[in-house]
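Protein sequence lines, in the order shown, are assigned to chains A and B. All letters in the first sequence, in the order written, are residues 1 to 108 by full-length UniProt numbering. All letters in the second sequence, in the order written, are residues 1 to 244 by full-length UniProt numbering.
Any given hint might turn out to be false.
As the list claims (entries may be wrong) - Ranges between beta-carbon positions, derived for each pair: (1) B:Glu112 - A:Thr4: 21 to 27 angstroms; (2) A:Met3 - B:Lys188: 35 to 41 angstroms; (3) B:Val160 - A:Gln61: 48 to 54 angstroms; (4) A:Gln61 - B:Thr225: 55 to 61 angstroms; (5) A:Phe106 - B:Ser74: 49 to 55 angstroms; (6) B:Val75 - A:Thr4: 29 to 35 angstroms; (7) A:Gly30 - B:Val75: 26 to 32 angstroms; (8) B:Val75 - A:Gly55: 28 to 34 angstroms; (9) B:Leu140 - A:Ala22: 35 to 41 angstroms; (10) B:Lys188 - A:Pro19: 49 to 55 angstroms; (11) A:Met3 - B:Glu231: 29 to 35 angstroms; (12) B:Arg232 - A:Asn32: 47 to 53 angstroms; (13) A:Gln40 - B:Glu112: 25 to 31 angstroms; (14) B:Ser74 - A:Ile15: 24 to 30 angstroms.
Unchecked claim - Below are the DSSO-like pairs computed for lysine-lysine, each with C-alpha atoms no more than 30 angstroms apart in a straight line: (15) A:Lys34 - B:Lys89; (16) B:Lys120 - A:Lys44; (17) A:Lys69 - A:Lys88; (18) B:Lys73 - A:Lys84; (19) B:Lys73 - B:Lys120; (20) B:Lys89 - B:Lys105; (21) A:Lys84 - B:Lys120.
Don't read these hints as lab results, they were simulated from the structure. For every residue, glycine included, the Cβ atom is placed at its ideal position computed from N, Cα and C.
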Amino acid sequence: MEMTKLDIRNYLERIYNVPVAAVRTRIQYGANNKRNHRNQRVKKPDYKVAYVQLGQGQTFQFPNLFPEKEQDAETRSFDDFRDKYMEKEKQKEEGDPRRGGVPDWFGL
Amino acid sequence: MAAAAAVAALGRSLSAALRLPRARPGLPGMALNLYHKNLPKVETLPQVKFLHTTVSRRGLEEFFDDPGNWGEKSVKSGDSWNIKQLRGKSSEDLHKLWYVLLKEKNMLLTLEQESKRQRKPMPSPERLEKVETSMKNIDLVVREREIALRLLQTGHEKPVPGEWRNDFLGRTFWYSYKEWPIPWHLNKKHKKKRFYYLPHVNHFIRLRLEKALRKRARQQSLERTRRKVLERKFPDVAVKSQSQ
Numbered sequence: 001m002e003m004t005k006l007d008i009r010n011y012l013e014r015i016y017n018v019p020v021a022a023v024r025t026r027i028q029y030g031a032n033n034k035r036n037h038r039n040q041r042v043k044k045p046d047y048k049v050a051y052v053q054l055g056q057g058q059t060f061q062f063p064n065l066f067p068e069k070e071q072d073a074e075t076r077s078f079d080d081f082r083d084k085y086m087e088k089e090k091q092k093e094e095g096d097p098r099r100g101g102v103p104d105w106f107g108l
Numbered sequence: 001m002a003a004a005a006a007v008a009a010l011g012r013s014l015s016a017a018l019r020l021p022r023a024r025p026g027l028p029g030m031a032l033n034l035y036h037k038n039l040p041k042v043e044t045l046p047q048v049k050f051l052h053t054t055v056s057r058r059g060l061e062e063f064f065d066d067p068g069n070w071g072e073k074s075v076k077s078g079d080s081w082n083i084k085q086l087r088g089k090s091s092e093d094l095h096k097l098w099y100v101l102l103k104e105k106n107m108l109l110t111l112e113q114e115s116k117r118q119r120k121p122m123p124s125p126e127r128l129e130k131v132e133t134s135m136k137n138i139d140l141v142v143r144e145r146e147i148a149l150r151l152l153q154t155g156h157e158k159p160v161p162g163e164w165r166n167d168f169l170g171r172t173f174w175y176s177y178k179e180w181p182i183p184w185h186l187n188k189k190h191k192k193k194r195f196y197y198l199p200h201v202n203h204f205i206r207l208r209l210e211k212a213l214r215k216r217a218r219q220q221s222l223e224r225t226r227r228k229v230l231e232r233k234f235p236d237v238a239v240k241s242q243s244q
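Bound-form chain A, shown alone:
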């Protein structure tokens, strides 16, 4: 939060070797509207946002850090087991098929 534009520029240039053209910063105010179980206001922390423009014609795309990966045998078997269990539970809840889906509340 105490990092200035100059600090950010130097940080990126010296530690990460990234050429920086421009840096703009702003402070994002965290809301204080939520209340806890004691009706006290709970504050979300304030934080500083920096917009960094890269120099020398560089481009950057934020990568997808959670790509879909094929599940291993353990998770697959667990998912199968869970689906079968849910099917069994649903079948138990169903009533007499001859009643055509009518609930038992109705007489006869």
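Let chain A serve as the given structure and place chain B on it in line with the hints.
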């Protein structure tokens, strides 16, 4: 039109084809896996080169983990650096290690924020704690060395001189001297501070002492009962410790 031009400019500065990042750069003259001591030897994947039009973005790629680890449920990592292990390292090594750990911490923090955004669990969050303890240990080691050097050169432990003082509530604290433009006897606000206590405070000092003693006795008895419970549950281990 201006808006369209601005959007185009924005697109130009932000858009790019997704590039597959290469292996992590190692600092010269150092083993690659310096940040986690007991990291298992991972085979590096064969280098897949994509067409780059920009300068190598090794810089920004360092904010993210090895792409092979993206989407994994957990990532293996070794233990944190111990103080004893760090004491044997030279200052240059510690300096390099500090920056390696700093970059690792930045990477983990970006991963944490991204996982919050995507509402997915962060893979192995204990890495953050390990990195933080390692950095704290490095700081401690550096402080120790600094104190040792200062003792040898000047004979003083602390960088700033000070003394023990009592405050108006009878508590004793370390007062370190500050640099002032005027002497203390001309400082009105400083003269209102009282570094002594009147006799009526002795009663409260006594009460505070009793409270501290009671707390210490409570902790000791709790420890004793916990030990007895363990001895009851695992009698063989207790017998071994007694015989040793």
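Hint check:
1. Between B:Glu112 and A:Thr4, the C-beta spacing of about 24 angstroms keeps the proposed range 21 to 27 angstroms intact.
2. Checked against the hint of 35 to 41 angstroms, the pair A:Met3 and B:Lys188 passes, with Cβ atoms roughly 37 angstroms apart.
3. The hinted window of 48 to 54 angstroms between B:Val160 and A:Gln61 holds, with their beta carbons roughly 49 angstroms apart.
4. About 59 angstroms separates the C-beta atoms of A:Gln61 and B:Thr225, a value consistent with the hinted range of 55 to 61 angstroms.
5. For A:Phe106 and B:Ser74, the Cβ-Cβ distance of about 53 angstroms falls inside the hinted range of 49 to 55 angstroms, so the restraint holds.
6. Under the hint 29 to 35 angstroms, the C-beta atoms of B:Val75 and A:Thr4, about 34 angstroms apart, fit the expected range.
7. One distance hint, 26 to 32 angstroms for the beta-carbon pair A:Gly30 and B:Val75, holds here, with the actual separation near 30 angstroms.
8. The hinted window of 28 to 34 angstroms between B:Val75 and A:Gly55 holds, with their beta carbons roughly 33 angstroms apart.
9. Judged by the Cβ atoms, the range 35 to 41 angstroms given for B:Leu140 and A:Ala22 holds: they are separated by roughly 39 angstroms.
10. Judged by the Cβ atoms, the range 49 to 55 angstroms given for B:Lys188 and A:Pro19 holds: they are separated by roughly 53 angstroms.
11. Distance hint for A:Met3 and B:Glu231: a CB-CB separation of about 54 angstroms, inconsistent with the stated range 29 to 35 angstroms.
12. Under the hint 47 to 53 angstroms, the C-beta atoms of B:Arg232 and A:Asn32, about 52 angstroms apart, fit the expected range.
13. For A:Gln40 and B:Glu112, the hinted distance range of 25 to 31 angstroms is satisfied, since their beta carbons lie about 27 angstroms from each other.
14. At roughly 28 angstroms, the beta-carbon separation of B:Ser74 and A:Ile15 lies within the given 24 to 30 angstroms, and the hint holds.
15. Between A:Lys34 and B:Lys89 the CA atoms are separated by roughly 49 angstroms; this puts the pair beyond 30 angstroms, and the hint is violated.
16. Note on B:Lys120 and A:Lys44: the hinted pairing holds, with a Cα-Cα distance of about 21 angstroms set against a maximum of 30 angstroms.
17. A hinted pair counts as satisfied when its Cα atoms are at most 30 angstroms apart, and A:Lys69 with A:Lys88 qualifies at roughly 29 angstroms.
18. The straight-line distance between the Cα atoms of B:Lys73 and A:Lys84 is roughly 24 angstroms, inside the 30 angstroms bound, and the hint therefore holds.
19. Taking the CA atoms of B:Lys73 and B:Lys120, the gap is near 10 angstroms; set against the 30 angstroms cutoff, the hint holds.
20. The straight-line distance between the Cα atoms of B:Lys89 and B:Lys105 is roughly 21 angstroms, inside the 30 angstroms bound, and the hint therefore holds.
21. Taking the CA atoms of A:Lys84 and B:Lys120, the gap is about 25 angstroms. The hint holds against a cut of 30 angstroms.
Violated hints for the displayed structure, listed by number in ascending order: 11 and 15.
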